[in-house]
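**Q** First to last, the protein sequences are chains A and B. Quick note, the first sequence lines up with residues 1 to 256 if you use our numbering. Quick note, the second sequence lines up with residues 257 to 590 if you use our numbering.
I should point out that these hints are in silico values taken from the structure, not numbers from a laboratory. Everything numeric in this text was worked out from a predicted model, so none of it was measured. Virtual Cβ for every residue (Gly too), placed ideally from N, Cα, C. Check the hints yourself; a few may be wrong.
[What the hints assert, rightly or not] Pairwise CB distance ranges (calculated):
no.	chain 1	residue 1	chain 2	residue 2	range
1	B	Gly423	A	Glu186	53 to 61 Å
2	A	Thr28	B	Ser438	42 to 50 Å
3	B	Ala580	A	Lys185	27 to 35 Å
4	B	Pro556	A	Ser180	33 to 41 Å
5	B	Asp568	A	Ser180	27 to 35 Å
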Amino acid sequence: MTQETSSARRGEPLLSVSGLCKRYGAVTVVSDVSFDLAAGEAIGVLGPNGAGKTTLLKMIGGTVAANAGTVTFQGQDLTRLSAEARCRAGLVRTNQVPAPFSLMTVWENALVAASHGGALSRRAAEDRAHEALLRTGLLDRHHSTAGGLSLMGRKRLELSRALACGPKALLLDEIAGGLSDYEVKELIDLIAQIRASGVAIIWIEHIVHALMSSVSRLIALDFGNKIADGAPRDVIESEAFRRAYFGDSIATAELA
Amino acid sequence: MTALQTQHRIGAALALVTLAALISVPYWGSAYLQRSIVEFLYFLALAQIWNFMAGYAGMFSIGQQAWVGVGAYALIVLAQDLGLNPFWAVPLTGVIAAVFALPTSWLLFRLKGAYFAVASWVIAETIRLAVNADINWLGGGRGRSLTTMGQFERGFREDVTYLLVVGITILSLVLMVWMLRSRIGLGLMAMRDNAAGAGGVGVAVNRTRRIVYLAASGLAGVVGALIFMSALNVRPDAAFSINWVAYPIFIVIIGGIGTIEGPIIGAIVFYILREYLDDFEAWSLLAFGLIAIAMMLFAPKGIWGSIQSRWDIELFPIRRRLPARFSTPSTQET
Ligand SMILES: Nc1ncnc2c1ncn2[C@@H]1O[C@H](COP(=O)(O)OP(=O)(O)OP(=O)(O)O)[C@@H](O)[C@H]1O
Ligand SMILES: [Mg+2]
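Please put together the full structure from these sequences, using the hints given.
**A** And the structure:
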């Protein structure tokens, strides 16, 4: 039914974030951030450490309650809904710090996501979990206990679980950290495949070149403010972005 | 694969043999044996129920005695005051306990961790004090007797009670295995490992918790009714005794939290220990406490958890595995 509504509302964004704010005590961590995500679109999010990227993604995903602002998904206001309800609606987030179900196997981890997030019956859930693990390359480790995976394995498990939920929009929080060049290339291919299957993506990543080759649009955050939003090149070359990263030698070196 | 199937067969065979032995006890066992088994089983049932709440759904209640007591008093009211057949009243006591538990869940579910635990105990104490203060209807501190049981001949009464206790233990076990194998069970195990993460993949954490809480309270109520059906007399101090939750916690910690097999092993250990420690009365509680603390420090997974982390053993088929239809040469293992 929601799919019908969404196709009926062609032209409207899949996800619309408006005026999101988050304060912890006197500190404003995210300040009045708004943007739209079109169906099938991929947006990269950049910003120095502590800029508020994760907090923004958590507010969109529903694990952190916003102090102000709204999150609209497929024309429906989700601002008051829990993370679990948003996940079942197709808005799925991966954790920057992986949250594996440690005592369960890799297979069971994917199966939980498929049967709950995907709201699938037993056999369909198994098919979906299998497909997700196949795509992320974790299928060989289906029998391993999730708690025993390396950090990279756990990050891949985060992605597998998110895929098994059958998302319409995927919120990715630093899934490439610690990967080798070759693995980053594999990940870029995977993201391209996911996009090609019609899933919209918001991807926080510090590895700029990975973002540049995967997304059609970049948003830059600094001290909780959106300081740039547009075509990747334009954002990277913008005055505001360069100022935010001033003194950050890695970023400037990479940009040069 | 085959090793696992063998384990499940062993598990099923053990369960069937035990069940057959238990059911036949009234035909060959002494009354003393029968009473010992009853006592063993209601501690096992209470331990399984507590394990289900704490081990899977992350609700560390220390107030389960509230529902044991409510179940016991519900039996009194249904059988003594309303004249129901006490045996047929037993399932109703579970419903009543669950109905009483519902409003407490509205309060408790706002709290987490230690606050949840303390509040659950406060609720139990409040109910005990309320029953204690009442003078006429529930008999106040002196309690009431289940004189209506006198209509049955003693042997018959004990046999039926015995079979009901066996039944409720098996029922709670079957219910748990069935639930854990279902979609809810996958969600529960995920919640056990990481509640926030479970919400992130669509598990309805709060709804699942409420289902478990109400089921656990209802089952505890039935156990309470059965305990006092054999005791024939209900007093607030006995019905709402902290022992109804303290011993089950001990059993679960010793045996292994978050597993089905653990509480069974824990209950056996508990029962043997109690036979020896009973002579020391008050000291026995201290000893149980020290043993539990030692266990938490040195083997936090309990006996069964420690066995399981060394060998890949499972007697009840709960875990889910990659179905054979997906097995390709590259993914085949062991
Ligand atoms: N629960 C919290 N309580 C108080 N402050 C918080 C909380 N969560 C985050 N913060 C603060 O909010 C700011 C933004 O944090 P956030 O994790 O969103 O940054 P980020 O852009 O994702 O950083 P990184 O690149 O390091 O992941 C940080 O200064 C952080 O210390
Ligand atoms: Mg972050």
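**Q** Which of the listed hints are broken here?
**A** The structure conflicts with no hint, since it agrees with every one listed earlier.
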